[in-house]
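Engineer: Chains as they are written, first to last, in the numbering used here: chain A, 1 to 111; chain B, 1 to 116.
In short, the hints are calculated from the structure, not lab data.
Source: prediction; values computed, not measured.
Where a beta carbon is used, it is the ideal one built from N, C-alpha and C, also for glycine.
Treat each hint with caution, since some may be false.
[To be verified] Pulled from the structure, derived: some chain A residues nowhere near chain B, Cβ distances all over 10 Å:
1) V4
2) Q6
3) S9
4) S12
5) Q14
6) E15
7) D17
8) V20
9) S26
10) D49
11) D59
12) T78
13) E79
14) P82
15) S85
[Said to hold, decoys possible] Partner residues aside, some chain B positions facing chain A, computed with beta carbon under 8 Å:
16) P98
17) P104
18) G108
19) N109
20) G110
[Claimed, not checked] In silico DSS-like pairs for lysine-lysine, Cα to Cα no more than 25 Å straight-line:
21) A:K42 - B:K9
22) A:K42 - A:K98
23) A:K68 - A:K58
24) A:K37 - B:K9
25) A:K68 - A:K42
The primary structure of each chain is shown beneath.
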Amino acid sequence: GENVEQHPSTLSVQEGDSAVIKCTYSDSASNYFPWYKQELGKGPQLIIDIRSNVGEKKDQRIAVTLNKTAKHFSLHITETQPEDSAVYFCAASQGAQKLVFGQGTRLTINP
Amino acid sequence: NAGVTQTPKFQVLKTGQSMTLQCAQDMNHEYMSWYRQDPGMGLRLIHYSVGAGITDQGEVPNGYNVSRSTTEDFPLRLLSAAPSQTSVYFCASSYAAPGQGSSPLHFGNGTRLTVT
Chain A
1 GENVEQHPST LSVQEGDSAV IKCTYSDSAS NYFPWYKQEL GKGPQLIIDI RSNVGEKKDQ
61 RIAVTLNKTA KHFSLHITET QPEDSAVYFC AASQGAQKLV FGQGTRLTIN P
Chain B
1 NAGVTQTPKF QVLKTGQSMT LQCAQDMNHE YMSWYRQDPG MGLRLIHYSV GAGITDQGEV
61 PNGYNVSRST TEDFPLRLLS AAPSQTSVYF CASSYAAPGQ GSSPLHFGNG TRLTVT
């Protein structure tokens with residue numbers, strides 16, 4: 001089955017700087033890679049996703065890149081703001097019916 | 001439109017007790033699933049359903065039962081609680097199976113369960 005590794009587990013950046021979170025996956029058949037943001041006391045919420053036929057996708061300050069050959073994908077947040085502080089999860093599809101999640105990254109934005 | 005509603009928010013059980021975690025969605029989603037969240041282990045899939053009357057096992061199904069008698073509801077049952085089941089449980093739903101990438105998973109706000 002699919003295995004997703006996420007790094008780092010914690011990340012602290014100064015407000016205004018960029019943050020990068022990386023994930024690797026094991027199943028070359030995976031074709032869908034979403035990123036979720038979880039705020040304290042709430043469930044995860046989708047922030048951006050990418051399909052395997054696309055190498056990069058942007059939405060304002062966030063972007064995701066995918067390298068199918070190396071089987072890794074990354075989340076990039078630019079011009080970080082205090083409200084970006086949260087736990088972020090990457091995921092990869094396993095077949096059509098399952099998502100396998102990474103271990104999560106706790107991002108802290110320091111003022 | 002309430003989205004995905006989970007009850008209760010908090011629960012404490014003694015070892016061996018049983019209980020049902022409730023999950024309901026009002027978005028007419030066909031796909032529903034249960035995850036558990038443990039520190040350093042991310043979200044792990046327990047059971048999922050692609051429609052009423054159909055359920056299947058995820059990554060960590062042992063100790064849990066599910067049923068899907070209606071589109072709206074997907075309860076998770078713990079038949080004999082164990083301390084290893086102490087966790088935060090999330091229910092999630094989507095219009096189509098999430099691996100297809102056509103509709104995102106919508107999560108509830110979780111149930112924090114402690115088994116002593």
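Engineer: Against this structure, judge whether each hint is valid.
Structural biologist: To see whether the hints hold, each was checked on the structure:
The beta carbon of A:V4 is not kept farther than 10 Å from every beta carbon of chain B, the shortest such distance being approximately 8 Å. Listed as a non-interface residue, A:Q6 fails to keep its Cβ farther than 10 Å from every Cβ of chain B; the least gap is roughly 7 Å. Distance to chain B contradicts A:S9 as a non-interface residue, since its nearest Cβ pair spans about 7 Å, not more than 10 Å. A cut-off of 10 Å between C-beta atoms confirms that A:S12 is not in contact with chain B; the least separation is 18 Å.
For A:Q14, the non-interface assignment is confirmed: its Cβ lies about 26 Å from the closest Cβ of chain B, beyond the 10 Å cut-off. No Cβ of chain B approaches the Cβ of A:E15 within 10 Å, the least distance being about 26 Å, so the stated non-interface status holds. At roughly 25 Å from the closest C-beta of chain B, the C-beta of A:D17 stays outside 10 Å, upholding its exclusion from the interface. Under the 10 Å C-beta cut-off, the non-interface status given to A:V20 relative to chain B holds; the minimum distance is some 18 Å.
Here A:S26 stays apart from chain B, with its beta-carbon at least about 14 Å from theirs, past the 10 Å limit. A beta-carbon of chain B comes within 10 Å of the beta-carbon of A:D49; the shortest separation is about 7 Å. Listed as outside the interface, A:D59 is consistent with that label: its C-beta sits roughly 13 Å from the nearest C-beta of chain B, beyond the 10 Å cut-off. Consistency note on A:T78: stated as away from chain B, and its beta-carbon is indeed over 10 Å from all of that chain's, at 23 Å minimum.
Non-interface call for A:E79 relative to chain B: holds, since the shortest CB-CB distance, roughly 25 Å, exceeds 10 Å. No beta-carbon of chain B is positioned within 10 Å of the beta-carbon of A:P82; the least distance is around 22 Å. Annotated as non-interface, A:S85 keeps its C-beta farther than 10 Å from every C-beta of chain B; the closest such distance is 18 Å. Interface restraint check for B:P98: the shortest CB-CB distance to chain A comes to about 5 Å, inside 8 Å, so the restraint holds.
Here the hint on B:P104 is kept, as its CB sits about 4 Å from the closest CB of chain A, short of 8 Å. Restraint check, B:G108 versus chain A: the minimum CB separation of about 5 Å is within 8 Å; hint holds. At about 5 Å, the closest approach between the beta carbon of B:N109 and any beta carbon in chain A falls short of 8 Å, and the interface hint on this residue holds. Given hint, B:G110 at the interface with chain A, holds; its Cβ is 6 Å from that chain's nearest Cβ, closer than 8 Å.
A threshold of 25 Å between alpha carbons decides the hint, and for A:K42 with B:K9 the separation of about 11 Å falls inside it, so the pair holds. Restraint check for A:K42 and A:K98: the C-alpha separation of about 21 Å stays at or below 25 Å, so the hint holds. Taking the CA atoms of A:K68 and A:K58, the gap is about 18 Å. The hint holds against a cut of 25 Å. Our distance criterion of 25 Å between C-alpha atoms is met by A:K37 and B:K9, whose separation comes to about 20 Å.
A hinted pair counts as satisfied when its Cα atoms are at most 25 Å apart, and A:K68 with A:K42 does not qualify at roughly 32 Å.
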